[in-house]
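Given chain A's structure and the hints, the job is docking chain B onto it.
Listed here are the chains, written in short residue letters.
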Amino acid sequence: MARIHQPNPGAEGAEGAEGAAGTDAPGRGTGRRKAVRYAVPVAVAGVAAATIGIGSALAKSADPDLPRISAQDLVAKMAASDTQRISGSVKISTDLGLPSMPSGFSLEGMGEGKSGGKGDKGAKGDGSAASPESKLTELVSGTHTLRVAADGPDRQRLSVVERAAEYTVVHNGADVWAYDSASNTVHHSRNAEHAAGRQQAEPRDLSKATPQQLAKQALDAAGKTTDVSVDGTAKVAGRDAYQLVIKPKQQESTVGAVRIAVDAKTGVPLKFTLSAKSGGKAVVDAGFTSVDFGKPAAGAFTFTPPKGAKVTEGEPGGPARDGHGKDGHGKDGDQPLGKGLGALGLPGGGTDSSGTRVTGEGWASIVELKGADPAKSAKGAKAGEKKGANDKNAEAVLDSFGSKVSGDFGTGRLFSTRIVNALMTDDGRVLVGAVSKDALVKAANAAHSGK
Amino acid sequence: MWRAESVPGAAAGSAAQSRPAVPGWHLSLLRNEILTVFRRWRTLALLGVLAAVPVLVGVAVKVETGDGGPGGHGDGGPAFIAQVTGNGLFLVFTSLAATLPFFLPMAVGVVAGDSVAGEAGAGTLRYLLVAPAGRTRLLLVKYASVLVFCLAATLVVALSALTVGALLFPLGEVTLISGTTVSLGEGLLRALLIALVVAASLAGVAALGLFVSTLTGSGIAAMATTVGLLITVQIMDQFPQLDAVRPYFFPHYWMAFADLLRDPVTTEQLWRDLGLQGLYVAVFGSAAWARFTTRDVTA
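Each protein sequence line maps, in turn, to chains A and B. Here the first sequence is numbered in the working numbering, starting from 1 and rising by one per residue. Here the second sequence is numbered in the working numbering, starting from 1 and rising by one per residue.
Just so you know, these hints were derived from the structure itself, not from any lab. As the structure is a computational prediction, the values presented were derived from the model and not from experiment. Each hint should be verified, as a subset may be incorrect.
Label-pair ranges, simulated between beta-carbon atoms [to be verified]:
no., chain 1, residue 1, chain 2, residue 2, range
1, A, A43, B, Q241, 40 to 46 Å
2, B, Y248, A, K307, 39 to 45 Å
3, B, G123, A, K307, 53 to 59 Å
4, B, Y248, A, S290, 21 to 27 Å
Don't be surprised by glycine CBs; every beta carbon is placed ideally from N, CA and C.
Isolated chain B (complex conformation):
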């Protein structure tokens, strides 16, 4: 019997298991879950902090270059910051480059770590499981809502940066980092693609957070562990001595999103990044599933 449950994709098999086969049933579950995530003050505060980063960066660049000095000094500061004064669109790229190493994954780690452990801690997980949803499906819905948060967080940064950039700096034709010039429309399209790639790059840390979240009954512990793991891996990714394993750290190819600003676009690193995220999702997603579907839920 449990075998049918063990294949996550076997929707037909699990639907046959005395489950009310209402179409779109799990969509409403997903909607509920997403609403729960975005109704939390914690989530809104995280998004608020993320929205504030581009404002800070934009104002800082504006103040620094306001007295006629040249913008950017080449080294130091997040990528693309030198181009911001000439084109506000680059604030989107700078902000994403600035938030991607820690802010964005930290927010994702908080939400992902809280997803299952938070319910367990609050004593609501057992009620969720009483509903005839099945643990596999509940886990998938939880993960999907974390992914929605990844996308929302990235878009919040990007849109906030675009607004601030348009207000403080001129917008216009975009000079790509390869030196070729493209229209603003194409620049915006590339910015959207970059936001999507950045959101997808967070899928790995989301899966990791979900797995950690299934291990414990304390939401705080899961969040702290996920964020701690993130920081540890980010630091380890800096050591050249670990060259042999560095390509398998989930943040290793995060900056590959910048390749979308080359002309022609190089895709090698991008695919590596997405492939690596897929691998993390597969490994930690299935680990979370193995843990969640076999553990005792008493709270």
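Okay, chain A solo, but in the shape it has when bound:
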């Protein structure tokens, strides 16, 4: 304990072997030696920092040289692509500009979430049951890593990589297994029987998360409303790719551009980027970080529920379904991602529930919902002003998310994200589209006068 500080470091003398060996010039020499030695860790840290910096700079490798190709040929190449086997990792980042609402983007979710945070709770409740729908909602915000493998139309596998856990959906013939390792729960459904339509919705929804399907949907929207061109090349997941750029021609669209990187050899879309007209970070950025067109290991498509895992059967009317319905997502909650995509202006997202109407065309289409649910919640919130503190809160929440607008149609609230804007009128209609706020108000006016 008693350590004596020597005033003169050079007088170290014969203390220790090193001291004896290393002091040829006492005093100044020791000071210099100290400085030189302390420079070593500093240099190590400096070299490491420089390496990291250079490494990330080098990561942006040069665009590959590829023969020129027309947009039409490229699209044809994509269409002709018959790649059945693919495996790899996909990174998907989404920044919709939603005010921190983890539970999603489905329209019901919006209505519910805003009228008192029920939507959030519902989504959390779902999380423990390993149903694919609830998991997909989580994909709609933040950055996620997926791992996909496919071998023909009957065998697919998709994993959502999480911290120390994984969520996996395995589709093999008639069986669809979903396994959530965090809660050790299994969700099983069969898509062979009469329920085929409903059950098949699951793998179809899942495949929408892959760049292929995203790209296809975007291309379907092409036409006179869209400008399709090839914009150079890029390197994606170590493969040479062409960049297909799709730009909406309509002024009112909020979509800036959709970029699809198409593999030069196989025609498989490797990366999908959706950017907003307002600029900034990409709204949706989904791309392979590694890809392999070989046959995936056969074991990848077999699944046996582990011992001790809770297995729920996904029969219509089964416990998992019921629980799901009760959580307030309703019928359309089953297809949150599809819905989300639909709202993003990509057709095929499935807005087939009754009481909806689509106006406008292409990128400027606006979906009009006459849902009773949003009407109730809006009216409930309105009436709540006279009621209690709880409803007052709901009103405050509603106000914090939306701004009030008025027009020929009456008054309503406008909710906006970076791509999708929604107008909720006080008489219970909801207009949603990937269009500017003005266009929404105009559409509401038109609908009003048309009645």
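Frame of chain A; chain B shown alone:
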């Protein structure tokens, strides 16, 4: 003259310096050092506490699920706890996940912090230095013995968990977190790999502790500083506002060991973890060397 000493790897150069060139000489020094570490009651108590964690977790899970209720509730609790009832091997992973954030590095911090400062405090450091070992070599031996403790501590947790898991729960084919099933043998192999990765993940905090230990003559102060630093960094690693620097905190990729339970195994995070530990070892190891070889040792 001191230049030859300044390269830690230059064994040949330093051997020429009037040092008895007995083969395996520093092995015996290392053996002595390791024995000193493991003979301390403090070390044994730490290992005992670490061995008790899997017992506690195992018994708690067993009691909770004993009355037929479903195991695990999805959220809350350390990773993999939901799988423990179905397969005792998962107790190894749960225990490592539970002890890795604090218990394991704390034990390492205590041993590493004590390594040099403890000797200085007890007044034995000067005698160690009288032996013709050289400070660089003494420091390397000290660090090696701390690394041996890292491995021992991790293995104690893993083996204790395996024993408890085998006693309380069934063992059998292992369902990886990706949903694929592998044999118990492969599961055990993966468990061993995970234990090694966890032990390697502690190398950074060990180097940090060694550096702190060379700064002071009080063993307690060095231990407290190391553990305090560990806790501070662990807390700072939780703030999303620090996103820019978080990937450089030594505990940031600790949970990457779970990637060994995926199929196929993803290695990106694992390499980042090991690379980061290597960086910490290089920076704080050389800082400890710079300090230790130039400081005055009077106690």
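How the hints compare with the structure:
no. : hint                         : verdict
1   : A:A43 to B:Q241: 40 to 46 Å  : violated, 30 Å
2   : B:Y248 to A:K307: 39 to 45 Å : holds, 41 Å
3   : B:G123 to A:K307: 53 to 59 Å : holds, 58 Å
4   : B:Y248 to A:S290: 21 to 27 Å : holds, 25 Å
Against the hints set out earlier in the document, a violation occurs for number 1 only.
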